[in-house]
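Protein chains in written order, with numbering that gives the first Met the number 0: chain A, 0 to 380; chain B, 0 to 496.
It should be emphasised that the hints constitute simulated quantities derived from the structure, not laboratory data.
Bear in mind the structure is a predicted one, so any value in this text is a computation, not a measurement.
Each residue gets a CB set at the ideal place from its N, CA and C atoms; glycine is no exception.
Any given hint might turn out to be false.
[As the list claims (entries may be wrong)] A few chain A residues facing chain B, derived, Cβ under 7 Å:
| id | residue |
| --- | --- |
| 1 | Gly187 |
| 2 | Gly339 |
| 3 | Tyr341 |
[Said to hold, decoys possible] Away from chain B, derived, C-beta distances all over 10 Å, residues of chain A:
| id | residue |
| --- | --- |
| 4 | Gln85 |
| 5 | Gly135 |
| 6 | Ser182 |
| 7 | Ile363 |
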Amino acid sequence: MKNRVEEIRTFIEYKDFDLARRRLLDACLDTRKESLIQQSINFSKQVGNKAEQNLANFSDKFQDGAEQILQQFSSLSSSVIHTNEQVISANKISKSYTVGGFNLQALSLKAYTNKIIGVVGENGHGKTTLLRCLAGQLQINEGSIDYYFDPKPDYFSIKQKVAFIPQRIPKWYGKLKDNLHFSASITGNYSKENNLMVDFMLERLSLTSYANLTWSQISSGYRTRFEIARVLLQKPTLLILDEPLANLDINAQQTMLIDFKYLAKSIYYPLSIILSSQQLHEVEKVADEILFIKNGNSIFQTTCSNNVTHKEVVIEIETNANRDTILQILENNVQVSYNGGYYTITSNQLTANVIMEKLLAQQIAITYFRDITNSTKRLFS
Amino acid sequence: MKDIQKFKPSFLLKLDERLLKNNPTIWSTKIHWVIWYSILFIILLSIISFVVPLEFRRDSVNGYWIVFVSIISFISFVIWLIYLLQFNVFKRFGNFTALDSLKQLLLYYTCILCFMTFPFVFSVVEVVRVNSTYNSKELINDINKINLTIAQIEYDSIQHNWNRDTVWLVADLNKIDTQQRDSIPKITQHSKYAAIDSATFNSRKKITDSVIDLGNNLYVFVECPVYSFLNIYNAKDIGEDKILKSASIFNLVIKNYKPAPKDSLQSLLKTILNKYSINNYQSSINTEFDEQGNNSHLLSTNEIFKKYNLWSVERSIENIFRIKNRWAFEEMKDILRVVLYFTLILSLLVYIFRHSTVKTFFLSLLTAKLLTIISGLIIALFDFKGYAVYEWYFFYVILFLFLSIMVFTQSSRKVVTGVAINLFTLIFAFLPLMFVFYYNERTRLNYIINDIDYQEKMKTINLYLSISEIVLVVLILLIIPTFIFKMYRKWYALPES
Chain A
0 MKNRVEEIRT FIEYKDFDLA RRRLLDACLD TRKESLIQQS INFSKQVGNK AEQNLANFSD
60 KFQDGAEQIL QQFSSLSSSV IHTNEQVISA NKISKSYTVG GFNLQALSLK AYTNKIIGVV
120 GENGHGKTTL LRCLAGQLQI NEGSIDYYFD PKPDYFSIKQ KVAFIPQRIP KWYGKLKDNL
180 HFSASITGNY SKENNLMVDF MLERLSLTSY ANLTWSQISS GYRTRFEIAR VLLQKPTLLI
240 LDEPLANLDI NAQQTMLIDF KYLAKSIYYP LSIILSSQQL HEVEKVADEI LFIKNGNSIF
300 QTTCSNNVTH KEVVIEIETN ANRDTILQIL ENNVQVSYNG GYYTITSNQL TANVIMEKLL
360 AQQIAITYFR DITNSTKRLF S
Chain B
0 MKDIQKFKPS FLLKLDERLL KNNPTIWSTK IHWVIWYSIL FIILLSIISF VVPLEFRRDS
60 VNGYWIVFVS IISFISFVIW LIYLLQFNVF KRFGNFTALD SLKQLLLYYT CILCFMTFPF
120 VFSVVEVVRV NSTYNSKELI NDINKINLTI AQIEYDSIQH NWNRDTVWLV ADLNKIDTQQ
180 RDSIPKITQH SKYAAIDSAT FNSRKKITDS VIDLGNNLYV FVECPVYSFL NIYNAKDIGE
240 DKILKSASIF NLVIKNYKPA PKDSLQSLLK TILNKYSINN YQSSINTEFD EQGNNSHLLS
300 TNEIFKKYNL WSVERSIENI FRIKNRWAFE EMKDILRVVL YFTLILSLLV YIFRHSTVKT
360 FFLSLLTAKL LTIISGLIIA LFDFKGYAVY EWYFFYVILF LFLSIMVFTQ SSRKVVTGVA
420 INLFTLIFAF LPLMFVFYYN ERTRLNYIIN DIDYQEKMKT INLYLSISEI VLVVLILLII
480 PTFIFKMYRK WYALPES
């Protein structure tokens, strides 16, 4: 807990106000103290006001307001241990379609609370099918899926605990805020608690100013965010998202991914998250585990936190230098392939640092660099 | 949108918010809005119905109002459906208990009942207005005055011969001794009634003016000539104020006839007739009367009708009484039954739609239509008895029940099972009614053979019908939240295959 307070203070110190605001909200929610949550919501509304942000003393005001809450938070909180509870286990599941002939073949995975699994792969290779099977929307042909949040779960209770957000979100009707209140109340958040949780979620996902609009009045990016807010209000144990980043701009993608990470590790309501995305590098940053699917097969499964040692180093660079120059500088100890945009350099003799040093020493201008040695991107062909 | 919001009263907005945050099951049905706007619309419709100029002596325009308001009712129903379909606790896998499921059905029923009442508003207001314009006692007095005055004025032109008909009362019409029949003295025997059974005898005795017992089971029915010129079918006696029958008029005027000054009588008659006379009825009614044959007595009555334009008066009073008696108990009971059953069917359809997928719902309707056509064809082609319709119904109930139960053994959502659950939900509640109709049909065949008293039988059937309606309600209250809800819960949540 002390770490969390320090973390927020650091964000404030370096003027990462929006991140500080969101983390403050998370921290207050974890206390489960209604007054403190309300206080954090009010604070968030106040500092979220654009007119307020333009004030000269905004930084001081923010710091004072946040500090007041943090002091209360420090006095309340105690040490919390994150426990990773298993929520789902898929054992050699397979799914085939009679039309189209697609097969998802013997695939296994386990998901835990506080953890994120990223499912990556090219379009049409079985990511959505896998996610729908896990969400209980599609019947599997072989294997088994065990859900651990209910001793004897039927599909209705499974679907109460497993939230699935498809890539194409069905239209909402009526005011967006009403939809959120509705979602909160159907899961037992009544009256004051209902208001509190909806206000919290709107603030947490920066949606308050859009709450009184309708579905047709917001962009597809905001639709995704509202859908996430709605689903979270139903308190799922397992959150499955199919391409949640598809409709988001680059900043929103980053924010959303970081939010997923924090939401998964919530003390108040820890989540297990499984998400599919084409944004490989972004997903790899937050996911605890990556599952690569190709032609219905799980061909690569890795734990991102582990340093997997590979025999060869693979890097991507973007430069004006031609292939011969690069090969010459690197003394032909590498393989260089070019896709028209950037070079992929593979070497089993040189490390990534050595390659970069050699190129920079020869005044080669590098506009983009990424080490994909441990990335699933290597598997895309 | 903001403009619409202005028309919403603040107390209702507060209620709406309260329901949204505390009781989503009730909130999603929008019953509070339905009740509020229904009350407003009924008040508005009542005011219009009170204000609109009406001539009660003419044919009622109630039918046009029913059609017009039914269209509004239907549009309201569609608008409600659109709002209803926006939020669904069950399909969102919220905290939705078996009791919530029943609660929703009852709320749908209430909402639809609200829409169903709209077409009857004008009808009710019209009755209130006609009652305040025409007092029933006054009407009865006027009818009696018209008949008595005409009888007095037209004494000389009316035929005063009494009808006589001799009948032979027998125990069994199928066992008539022909020799004995031939020995019946020919008095004024009417061949049609030469021999009658006790049932016919008693029914004729009730409507005839006098019966003479000739002995040896021979009776003469004596009927007074028609002096009640205005014969209002819908008029009912009110306490001591009764419409005088021909025999009573005979006793009051004809029996001891004393000529009176015709001028004053005609003046009195004219005043009363003018009260009800509407000219444009005359032509059409006369044609109707002329078709009734060449009975000399009727022809003289016809002349009287023409002379005093009585058809118009009779039609006017008939119209007034028709409106007055529109909501009489028997009529109301029938209308109420139609409304309540129609509402129930619509509510069940909405309930099914809210628990099923769109595809399965429409497939269920298609299946129901196809099965009805196929069953009808089989019944017609293979010359089944009338009660076969009910036997087919029982067969389908059992079939759908069996297919529905299969859901508990399935691991994926099957369309066939969904259709079976939908159709079972739609028809199971009518099982007790169908048993009564089936019993009625079966015993109707035995009626001739066993000679059961028809009136008694109908009483029994009506009693069974009332019991079956109570059982229907109990069945819905029991089966919906237990069995049907469990089936839907299981089926809807299953993964697709």
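Hints violated by the structure (numbers, ascending): 2, 3, 5, 6
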